[in-house]
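Chain A is already provided as a structure; the job is to place chain B on it using the hints.
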Amino acid sequence: MNFKLTEEQELIRKNIREFCVKNVEPIAAEIDEKEAHPADLFRKLAEGGWMGIPIPAQYGGSGADYMTHAIVVEELSRSCSSTGFTVSIHVGIACMLINLLGSEEQKKKFLVPLATGQHLGAFVLTEPGAGTDVMAATTTAAKDGDAYVLNGTKTFISNGPLADTYLVFCWTDKAAGRKGMSSFIIPKGTPGLKPGEHFHKMGLRSSQTSEVVFKDCRVPAANLLGAEGAGMANAGVAFDHGRVGIAAQGVGILQAALDESIRYAKQRVQMGSPIARHQAIAWMIADMATDLQAARFLTYYAAWLKDNKQPFTKEASMAKLFAAEKAMHHTTKAVQIHGGYGYIKGAKVERLMRDAKILEIYEGTSEAQRMVISGTVLR
Amino acid sequence: MPTLIACFKWVVDEAYIRRGPGGALDFSSVDYKIGEYDRNAIEEAVRLRDAGGGSVIGVTVGVPESAKGVKDGLSRGMDQAFFVSDPSFRDLEPSQTAAILAEVIRTRIPQYDLIACGEGSSDLYAQQVGPRLAELLGIPCVCFVQKLSLEGGTLRAERRVEDGVEVVEAPLPALVTVLPDINTPRIPGVKDTLMAGKKPVTAVTKEELTGRLEGALKTEAMTASRLERTGEKLAADAAGIARFVDSLRKSGWIT
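Protein sequence lines, in the order shown, are assigned to chains A and B. Each residue of the first sequence is one higher than the last, beginning at 1 in my numbering. Each residue of the second sequence is one higher than the last, beginning at 380 in my numbering.
Same shape as in the complex, but just chain A:
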């Protein structure tokens, strides 16, 4: 057993950390407040090759492993969870799905601009009536000659208003059940595809979320991702990879909560001594550090399985479940440690707490993760 990162992974962590301190940390509070997408920051991320880390160089990526991608999402999220998530879903789902399932032609046409960071990707599955229950989706793609015509409304789509490339999941044959869903690559500007209402969120505010509406949206059959009817299996691949990213996001939030708590507890004096010397506070910080370590190991283990070509569905769910719930729990504690100062807008722990909540909801709620995990261990 080897718990050591490679020299390259360690150097890349140092570099993304330096990048974040210079470019992300200074704007994180402002883009949260203004719900603004930092386009300039994403240009810089693209220049450094941070937007396509695990994608082969021939398709515009950096050719590193998935572990490196997880480390980068973690460090980005430590400074700004919205930025970490936007990169996570772009790389972990949009880029990875086309890389794993796309044809050579699709990779050249769609993956290269995505992995170089010129384009941004979105994962389009959830519907107003279909969250955890994917089978309840109603969006359809009707075959018409050498094309499909899509109709329906998707919701809570991250990068929805910004994306250049949408990976869309809908029914090509509802009667066929789980084998009746297919996935499509649809570029923005396709007639009939329209980002709908933009949502104002409690946290993760600089990540842009909207509806995506399809009205007689005609998509060439060449844009089918994988085989017709493979949509549900493809969504599974997306979740496996995406969940490692969400887990890494949770690890980044936990690290930030710990950083802030230690810094504040050492300098805040009450009853004659820094509150870090009060056992009630010291133990909160001990628990935080322990759960951070556990969440990081679960996350890295899932990424390591992926890099070593082993199944990692269960481990990705475990990492995501644990990191999400611990991030929520400990950001609440971090606010508690900060007292009134932690409840004021502008305190980093206040943003961390709001940003943590979504981790328990998207890319499979904590309940959905428990379904996956129990389904595996009880089999």
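Hints listed in this document are in silico derivations from the structure and should not be mistaken for laboratory results. Heads up, none of these hints are tricks.
Not the full set, but computed from the structure, chain B residues with beta-carbon under 10 Å of chain A:
1) G568
2) T572
3) A575
4) G576
This structure is a prediction, so every number in the text was calculated from the model and none was measured. Where a beta carbon is used, it is the ideal one built from N, C-alpha and C, also for glycine.
Chain B only, in chain A's frame:
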């Protein structure tokens, strides 16, 4: 095509040093980095190469664990590196480091145009290695450089001196020590780091060197600096000044 040499040192990242009880410094969880000003030296050499062609050779002296620093340096744009290492090199004195660098450059890099060093290392900050190296190699040395260009066989540098800026020229080959204002070092991208391991590194061991190279420095102790305040308030009148002088005398600062 010019050959540019950048010298750098892999040092403790001071951000990770913790202050233990009683002022003792805790190095148990420190990370390492290329010294801040040395990054400027590497960056300047790489920029000169990108603008005018040629190649950048990095040279570093350190303990074997500094290998990660060599990779870090190569990821910052250097074309190749010489890594002079030995476990005993932890306690080298600046004159010894300069002597090692001089020998490696003299014997292994037959022709070069410019050597760039940081103004000082991030740990000792003795500001000795650059000037000593130039002296040993018998080439001009320009310190405190905040702007640099090469034209033909001459370098032109702006030096920041106490009363202003001095512009000097020197024939190449020459050595410069650079200030942080000279540039903003790049943050290596993912590919830069992945490619670094594929660039040529020439390892040089202590046995291959001729000088007497036992570490000459010994660290006896290291403690955090302490600032003590007495909180005494003094008025700006004759009586206050008299009290001020008196208190300095009592505490032994003046006699």
